Amino acid sequence: MIEYILGQAAVAVFAITGVLGAIRKDRDILGLVVLGVITAIGGGTLRDTILNTSVFWVQDFNYILVSIIASVLIFFLLKISKINEARYRMLLYFDALGVAYFCIQAFEKTINLGYSYPVALIMAMITGMGGGVMRDVLTGRPNLLITKELYASPALLGILLYILLKLNLPDSHIPSITAISFIFLFRSLAVYFHLQMPSWLVNKRENDQ
Amino acid sequence: MIEYILGQAAVAVFAITGVLGAIRKDRDILGLVVLGVITAIGGGTLRDTILNTSVFWVQDFNYILVSIIASVLIFFLLKISKINEARYRMLLYFDALGVAYFCIQAFEKTINLGYSYPVALIMAMITGMGGGVMRDVLTGRPNLLITKELYASPALLGILLYILLKLNLPDSHIPSITAISFIFLFRSLAVYFHLQMPSWLVNKRENDQ
Amino acid sequence: MIEYILGQAAVAVFAITGVLGAIRKDRDILGLVVLGVITAIGGGTLRDTILNTSVFWVQDFNYILVSIIASVLIFFLLKISKINEARYRMLLYFDALGVAYFCIQAFEKTINLGYSYPVALIMAMITGMGGGVMRDVLTGRPNLLITKELYASPALLGILLYILLKLNLPDSHIPSITAISFIFLFRSLAVYFHLQMPSWLVNKRENDQ
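Chains as they are written, first to last, in our numbering: chain V, 14 to 222; chain R, 14 to 222; chain X, 14 to 222.
Treat the hints with care, as some may be off.
[Claimed, not checked] Straight-line Cα separation of at most 25 Å, DMTMM-like style, residue types lysine to aspartate or glutamate; simulated pairs:
| no. | chain 1 | residue 1 | chain 2 | residue 2 |
| --- | --- | --- | --- | --- |
| 1 | X | Lys95 | X | Asp39 |
| 2 | R | Lys92 | X | Glu219 |
| 3 | V | Lys161 | X | Asp39 |
| 4 | R | Lys179 | R | Glu16 |
| 5 | X | Lys217 | R | Glu98 |
| 6 | X | Lys92 | V | Asp73 |
| 7 | X | Lys161 | R | Asp39 |
| 8 | V | Lys217 | X | Asp39 |
| 9 | R | Lys217 | V | Asp39 |
| 10 | V | Lys217 | X | Glu98 |
| 11 | V | Lys122 | X | Asp73 |
| 12 | R | Lys217 | V | Glu98 |
| 13 | R | Lys38 | X | Glu219 |
| 14 | V | Lys161 | X | Glu98 |
| 15 | R | Lys161 | V | Glu98 |
| 16 | X | Lys122 | R | Asp73 |
| 17 | R | Lys122 | V | Asp73 |
| 18 | R | Lys95 | R | Glu16 |
[As the list claims (entries may be wrong)] Output of the computed footprint for chain V on chain X, the stretches with three or more beta carbons under 8 Å from beta carbons of chain V:
| no. | segment |
| --- | --- |
| 19 | 28-39 |
| 20 | 57-65 |
Honestly, the hints are just simulated from the structure, not real lab data.
Given the structure is predicted, the values throughout are model-derived calculations rather than measurements.
Even for Gly, the Cβ is constructed at its ideal location relative to N, Cα and C.
Between the sequences and the hints, there should be enough to build the whole structure, so can you do that?
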């Protein structure tokens, strides 16, 4: 039950980033809601399609409803609030939260469907980051995968942490809670302090094109 | 039979918008045809993939043939004609026509596969707008979802109108004909008169980013 | 066996183009590897999803491993090398090689699954160019489909050549080897000499937008 609520909350959070990413002068609520919904369910849809399993929101329409409601609420909140320059920052932190939850939940789902750890790892990355990448492409932003700060790394390390904990605590919720918190905090710190990888893992030369 | 012909016509119309959206100096016919085909079949392909059903053009290759032929014809028509500044306008009206037909036809298809009205509604939106969004992304245009004028609204209202009429006239063609005409005319008027939603449903503030 | 190795090599080659396309100052290895992997497996994933068959890398994880390794190696190679202005050229030739192999291999796979020649032709185009188009969209480049030089034509002609040869030499490897070489060489010559289609197949007028 609590997991179901958290899953819906993660969908809501991602929908909010879709609206935050797309809002500009003269854009109307319906176009923004559609983008919010795509962002919210895009990654999971990709995962289920690749796994050839029935798509989660076709089975349970509440995911769509929740992402619509979240998109509508943030639209009006942005209309009445004075927030302006903080919007992109908000997007980044909400995105971090959504990525954290979606990664771990998708990892568990894929394992439960009988796939190997490596396949589950890839599905976790697809689910966690797929919706955000779609949002960035559709709103014309450079996608977060090629952001200056760490983006894929917190997700990857968090999943590895989850595997490690799960091997020792197979029947506990501690692995998932720890891993989700880890991913969110690590990515948030990366955004806040502009953390980058050690320089030998970063391209430091000026490039053409 | 008439429905089959209309379906092929809608595919042709969408293919034309793909070519209209991508044509520039020095681009060749084959690249443009590929874009036309993607635009024409992209939305329906997405729908069938998400529904885990066999993709429509894999079953009936005529859809691909028709979109190829339409793309080739519009290429040569543009070559010999003097139309220039009207191209983007043409794209918008053709797009409106394709969206109208695809929405209603996808709604019916999804219902016939045994899904609920809400799922069919989402599938209608995906089918109607999916190909156009792919076209906009691939040709580097801001996608129509976040256009200033109404885009998703005519489709949504048209589908609701269809449901309403269908409840009263279950065995008639009137619901689909009315709804398709409604979507096309509403969107065309929105383009022509730059119609927007009531201002409380539109973001009117200047935004950062 | 040799075919398996060639398949992995083609995946590696496409992964390299993903990194070459995305590398800029301050981008880190993990984001670039993710883009490399998407480029490498994107086209085939699309094909298998549309055919409603099990996705190739879910069945055999080596494809992912190879694309990760290739992406990591090219990252460090670019770090220590002085190559700069040649990067985009390298991308184009590697892309040509990947397209050539993927087209023919996807054509054969689709035929073996029992589909008709026209469906196999479309699947070959999707597999050959899908990953590259995703790379271009995700890295914010104009996609190669609408490049000035011939892109889709070598692939299309190569597949037609393959069909022709296969009808006469059904049990030989000559058709595939010839067609792959043909596509690669034709596209490479197009890049090197800026070959275009005959001008009646190219849009030569200045256009609006």
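Status of the hints after comparison with the structure:
1. The hinted pair formed by Lys95 of chain X and Asp39 of chain X meets the criterion: a straight-line CA distance of about 17 Å does not exceed 25 Å.
2. Pair hint Lys92 of chain R plus Glu219 of chain X holds up; C-alpha atoms about 11 Å apart against a cutoff of 25 Å.
3. The straight-line distance between the Cα atoms of Lys161 of chain V and Asp39 of chain X is roughly 6 Å, inside the 25 Å bound, and the hint therefore holds.
4. Under the criterion of a C-alpha separation no larger than 25 Å, the hint pairing Lys179 of chain R with Glu16 of chain R is consistent with the structure, at around 17 Å.
5. Under the criterion of a C-alpha separation no larger than 25 Å, the hint pairing Lys217 of chain X with Glu98 of chain R is consistent with the structure, at around 16 Å.
6. Proposed proximity of Lys92 of chain X and Asp73 of chain V is contradicted: the alpha carbons are some 48 Å apart, above 25 Å.
7. With a C-alpha separation of about 6 Å, the suggested pairing of Lys161 of chain X with Asp39 of chain R holds against the 25 Å cut-off.
8. For the hint linking Lys217 of chain V to Asp39 of chain X, the alpha-carbon distance of about 6 Å falls within 25 Å, and the restraint holds.
9. Taken as a hint, the Lys217 of chain R and Asp39 of chain V pair is honoured in the structure, with Cα atoms around 6 Å apart against an allowance of 25 Å.
10. A distance of roughly 16 Å separates the Cα atoms of Lys217 of chain V and Glu98 of chain X; the hinted pair therefore holds under the 25 Å criterion.
11. Of the supplied pair hints, the one linking Lys122 of chain V and Asp73 of chain X holds, its CA atoms being roughly 20 Å apart against a limit of 25 Å.
12. For a cut-off of 25 Å, the pair hint linking Lys217 of chain R to Glu98 of chain V stands: about 16 Å separates their Cα positions.
13. With a C-alpha separation of about 5 Å, the suggested pair Lys38 of chain R and Glu219 of chain X falls inside the 25 Å cut-off, and the hint holds.
14. Restraint check: the Cα-Cα separation between Lys161 of chain V and Glu98 of chain X comes to about 22 Å, which is no more than 25 Å; the hinted pair holds.
15. As the CA atoms of Lys161 of chain R and Glu98 of chain V are separated by approximately 22 Å, the hinted pair is consistent with the 25 Å bound.
16. Between Lys122 of chain X and Asp73 of chain R the CA atoms are separated by roughly 20 Å; this keeps the pair inside 25 Å, and the hint holds.
17. Straight-line distance between C-alpha atoms of Lys122 of chain R and Asp73 of chain V comes to about 20 Å, which keeps the hinted pair within the 25 Å bound.
18. Only pairs whose Cα atoms come within 25 Å are accepted, and Lys95 of chain R paired with Glu16 of chain R is rejected, the gap being roughly 34 Å.
19. Residue count for the segment 28-39 of chain X with a Cβ under 8 Å from a Cβ of chain V: 5. That meets the three needed, and the coverage hint holds.
20. Using a Cβ-Cβ cut-off of 8 Å, 3 residues of the segment 57-65 of chain X lie near chain V, which meets the minimum of three, so the contact claim holds.
Hints 6, 18 from the earlier list are contradicted by this structure; the remaining hints agree with it.
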